[in-house]
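Residue numbers (our numbering), protein chains in the order written: chain A, 3 to 524; chain B, 45 to 698; chain C, 6 to 282.
Think of the hints as simulated: they come from the structure by calculation, not from any bench. In this text, all values refer to a predicted model and were calculated from it rather than measured experimentally. Glycine residues also receive a C-beta, built at the ideal position from the N, C-alpha and C atoms. Hints should not be assumed to be uniformly reliable.
Ranges between beta-carbon positions, derived for each pair [claimed, not checked]: (1) A:A490 to C:P147: 41 to 49 Å; (2) B:S665 to A:V471: 17 to 25 Å; (3) C:Q146 to A:L72: 44 to 52 Å.
Mimicking SDA-like on lysine to any residue, the simulated pairs with C-alpha atoms at most 20 Å apart in a straight line are [to be verified]: (4) C:K140 to C:Y67; (5) C:K140 to C:V69; (6) C:K140 to A:G224; (7) B:K234 to B:I625; (8) C:K140 to A:A220; (9) A:K48 to C:K140; (10) A:K48 to C:V69; (11) B:K513 to B:N425; (12) C:K160 to A:A520; (13) A:K308 to B:K234; (14) A:K48 to C:L187.
Here's the letter readout for the chains.
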Amino acid sequence: MISFLAQPGGLDALQAPEIDYWAMAPLLIVLGAACVGVLVEAFLAKPQRWPVQVILTVLTFAFAGLTLGLRLTKDPKGLTTVAGALSIDRPALFLWGTLLALGFGAMLMIADRSVEPGGSFVASAAIRPGTIQDRAQAGQHGMQTEVFPLALFALAGMMTFVAANDLLTMFIALEVMSLPLYLMCGLARRRRLISQEAALKYFLLGAFASAFFLYGLALLYGYAQSVKLADIAEATGGTDRSDTLLYAGFGLLLVGLLFKASVGPFHTWTPDVYQGAPTPVTAFMGACTKVAAFGAILRVLQVAFKASSWEWEYVLWAVAIVSMAIGAILGITQTDVKRMIAYSSIAHAGFLLLGSIALNHDGLSSTLFYLLTYGFTTLAAFGVVSLVRNADGEATHLSQWAGLAKRSPLVAAVFSFLLLALAGIPLTSGFIGKFVVFRAALAEGMGPLVVVALIASAVAAFFYLRVIVLMYFSEPAADGPAVSVPGAFTTAAITLGVVVTLLLGVLPGFALDWAGAAGFVF
Amino acid sequence: MTEHVAQATGIASWAWLLIAFPALGATILLLAGKKARGWGHLLGSATVIASFAVGLATFLDAVGRSPEERVRELHLFSWIPVQALQVDFGLRLDPLSLVFVLLITGVGSLIHIYSIGYMAHDQEHRVGKANEERSRFFAYLNLFVSAMLILVLGNGFVTLYFGWEGVGLASYLLIAFYQHRPAAATAAKKAFLMNRVGDLGLAIAIFIMFNRLGTTQYTEVFSRAGEFTQPELLAIALLLLLGACGKSGQFPLQAWLPDAMEGPTPVSALIHAATMVTAGVYLIARSNPIYNLTPDGRLGVVIIGTITLLIGCIVGCAYDDFKKVLAYSTVSQIGYMILAVGLGPIGYALGIMHLLTHGFFKAGLFLGAGSVMHGMNDEGNIRKMGGLRKHMPITFVTWTLGYLALIGFPFLSGYYSKDAIIEAAFSQEGWRAWVFGGAALLGAGLTAFYMTRLFLLVFMGEERWKKLKSADGRDYHPHESPLTMTVPMIILAIGSVAVGFLLSKGNTLATWLEPALGELQEGGHGPIPHEIVGWLVLALSALGALTAYLIHGRKSVAVERPLKVAFPIRAARNDLYANAINEAIFARPGTWLTRALVFVDNKGVDGVVLGSAALLQGSSSRLRRMQTGFVRSYALSMLVGSVIVMAALILVRF
Amino acid sequence: MSSVFVTQAVVDAGPVSMGEQVAFYVLGTGSLIGALGMLFARNAVHSALWLVLTMLNLGVLYMVGQAPFLGFVQIIVYTGAIMMLFLFVLMMVGRESSDSVVEVLRGQRLAAGVIGLGFAGLLVAALVRSLTQVKPIGLAQPNAQGGGNVANVGKLIFTDYLFAFELTSALLITAAIGAMVLAFNEKRRRPAYAKSLQQELVEARFQGNRPSPLPGPGVFATANSVATPALLPDGSVAPESLSEVIESTARERLDPDLLPEPDAHALTAPEQREGES
């Protein structure tokens, strides 16, 4: 047996894989900054950490954005690097750009210390909720600044996730992006128990979904004898192997991916986690996780499984319908703003899946565009949610939002605009996004699905409009919440989201061009 | 028909000021609101007078040119450039539109000046504060003038439609000027709704033109009118007629015009007598190239005109309200004009001529009525008046001149214009001459009757008001009106006397209008020679006046309206049951339809909508229970989903 | 379970010897029993031990399947290191041995059982069907080339899966930070002796009123956790026995308003106490 382990003299010289550091620069910068952030936590005194982390974060995004911009100016098609593990092509660059921009917005909200004095994060997570020490720390103004490196790790995971060109890298990226999110969900300053419950739920269900992904990966490896997407595509092209292995593997893989994208019926974690997590983290999850998950779904479907699409397409049809129906119908009876947006995100996941099943160039570009629009709108919406507060923290119950327009017309107007964008009313980016996705789906012969999507949009519009009606036409509650005046960070994040939502609603051309620049490289 | 259209130059290129002045006035006054209390009336009048000056200059400029150069267009801007639909906003300055410009701005100026005095008093009386709302009134009047000018000056049907709706709006606002009075609000609504019926016809006519020719500009439509098929021409002609009926209070849409007298008297004079209600006549005269091609369409116009003129006369005989009698007189006189333009090339110019003379004397009559009511505590019932000639001599004289002009007293305005129309009606062939000519002749006799009756009851006879008190409990103290009111009346009276002679002498007007309406043709020789028709008209008018004198002039008139009267009078008092007919034919079925739709909406549509909403709500509440909050139940639902997905993917493979 | 069918399916194909088959059946059954035992054991420590059984079986299975390196790693790392850490943590935190076993969701267990079995059935059926057509290759040939099993694994890690391998570090860092964030409380006031020199410690101890060590926890009295307070003869909690490091429900019981009356049942089994409190 020992002879198996080592064969003397047989070792060849190791050929190191070629690595295009410049192409990977945005990803490496974010990863590196996360590690530096950990060192900051280790070596700096507590009061110094927050400013240093904020500066570090801003620098990270600046440099990552810069290298990404430089990358965009050359190399029209894209390349694969690190032995084909990463595919840095146009869709990946688009998604990186989207993730960086959304991540920056979310990081601004995470860094904000003015809306909630001391920030949305608990000063010391190790103290058990409800104890004497916890009551003592409620007055403290510090926060767990570990959130910064954690968020950067998550972002790096997302960026890897959308660029991963083989399933193994994709799986590890999935974990890299999920693990910090599980943690961050549990770090809320207020209502810590529900926050920790959300974290635990997310963690357990996430692990459950990861198991599905991994099992699917194994089966697919058994089928194609490779985890590379390109090899799987090649294997589906023409072999005499039993494709039961292929479809079993595909189905399991899909469950893992759909879970991350919170597509119904794998959505169950979404409302609870959205509600329990600190709002900046919810914004981060709502915007960035969606982008990352659908980026990966697009790549997997279009690169690896395009040839066999007629075998599985109808299954995803059904999943999309279920997701849209669940999101739209369950959204109606929600009484909590964050849960409502969570169900809205489930319905939107259905729309996005519509574009993802349209396995052509239009489907790709329209879904990418939709992700961009949806991300910014959601980001800003959660930004606004974080502003409406009463003595117990955020006032997320809808009854507390009654008559908000009379107290704070600006916030009500901004939120109404964002809700209209989520509903897909013209002159907002949501309309253009839905329009291009539905058009791509129609062109692929998915007429019935588009009809269902339109009905779901109409039903979903009901609960968005209900909030607007509530804000504008109801009498304010007597002990209603006040609207905090946001500090520069949250203001910047909300402004970013609103401006982009408006801009893409009026002048979507440049973003559509960018999204449709080129296809996947594998 | 090809016509020469020159580009407007020189003075005419400033013609846009015609519209701009009053439009600016309206804007300023509306924006200023009550701040304009002190100067609003001055600005309002000044803009119209300025507009009149520009109009006069443009007119004189046109007079100085040869007839071929008198049709000019002024392109202002491209209004609606949408692919196939290219609508330019431009002005058409031709003899027809210039005549209207002078009428609108001229009479308009006089009535603005009159309103200064009228409204000052009016507001003091009604609101308790002088001039409280006067600037709003002038804003609306200015709005009306600019819209009316757009209507007549526009160089295409869409521009015309724009003005058409604009005057409709102004009319609505002005009828409801006393908005606190339910009667005024209702009358405004009625006018608005009945006008919409007509507007629909006009709109559809424009659609047909665009559909067929791809353009709505006058020059192109008229030069290519031959491309329409005969049924299309008939349809366009009748739809335009429907539009004209709505705006001009013609049968069957005449009922709104008498009710519109709820507005202030200057409004009645300007909009509902002299200018706006004649827009229908303008529309038909302007569309003469289309009507020339469709004799059937013209016959329709003639029939409508004839019916209307008789209705107007008959109802006018029975009413006791000063302004309503005049309103029905207006309906009837516009019937004459419609009849005239329906006669085709032998009548276009006659219709326009009667329109002009009528504009003068009817405006004068209305202003006189306003002056009388002003002196009589706003009393409108003529049975409560009588013997007013001694108390308001200027009003009496000017009103009498207008009255004589209207009944066609020899050598006054009406004599020239109305006789010509009756003669033209008689110059047709066969039965048409007898029917239409006879009706027009009868109308002349009835006109003389009701106008004389009005004259006698108001200005002659005993002073019945002495024993009475007005509704608000005051004694009547009839008095002459201030100078701002009497001067316009005097000018209009002079016009009533002289305009007819001036315009008809040597066919001045007909020749002037030739470039726009074509040559005025002589009618054929009807069954009765022209001279004899003239004498017949005089004789019948005299007979009508005499009858009125015999009935109302010799014996005292009961203050209370006699209730036991013969059926014809009852019918006339009820507007010949026009409202009942409208009610029965349009309103009832409309109500039924609405009720049915409401029923369907409530039970069917709402049922479906609310039902599906309830269904969604219900399924939402039920599905919500699946969100238990327990991780194990979440994991189970994920597992269920996975099993279904896997089964769907794998089972088909076995 | 699925593996059973797999072997049956490939039984005729070349390089699977009789000995291998016997080994497979034994090990496969063992790992399955271990897995089910882990699921159904009520005591967390027992669960962990069942898991150890599964992992051991799997490790041996790997070795039988010509992947000796993986087999060793499985045993050394998973069974040896990770599971032992698990056990330590379980012992230390020592929740009461069983969680509530009352299912409040109606039909949850039945549905979970049915669906779970259905899922397993689906997968097994699919695998049986597909693997009949798969020829086993074995690792004998690759293991004989390029420096053997270990070298080949290493080679793959540093070439084809370099990025995935490197990225795993992010995962480890995250896990470390997570543990710190959730467990480490730097705000806690340390006991005075932690910062003191040995000399001072000795002086403090002898000049203080407790020269003896603090009483140990009551692990063996009522529960298996070090957080369990020791009980004084009258049945009340000995405050000195409470750990300063580990927070537990017991510590909360010391909050004045929560301090229980001494009761005679303190020494009875935990299950019985459950009902009263």
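Verification of the hints:
no., hint, result
1, A:A490 to C:P147: 41 to 49 Å, "violated (59 Å)"
2, B:S665 to A:V471: 17 to 25 Å, "holds (20 Å)"
3, C:Q146 to A:L72: 44 to 52 Å, "holds (46 Å)"
4, C:K140 to C:Y67, "holds (18 Å)"
5, C:K140 to C:V69, "holds (18 Å)"
6, C:K140 to A:G224, "holds (11 Å)"
7, B:K234 to B:I625, "holds (15 Å)"
8, C:K140 to A:A220, "holds (17 Å)"
9, A:K48 to C:K140, "violated (61 Å)"
10, A:K48 to C:V69, "violated (53 Å)"
11, B:K513 to B:N425, "holds (12 Å)"
12, C:K160 to A:A520, "violated (34 Å)"
13, A:K308 to B:K234, "violated (67 Å)"
14, A:K48 to C:L187, "holds (17 Å)"
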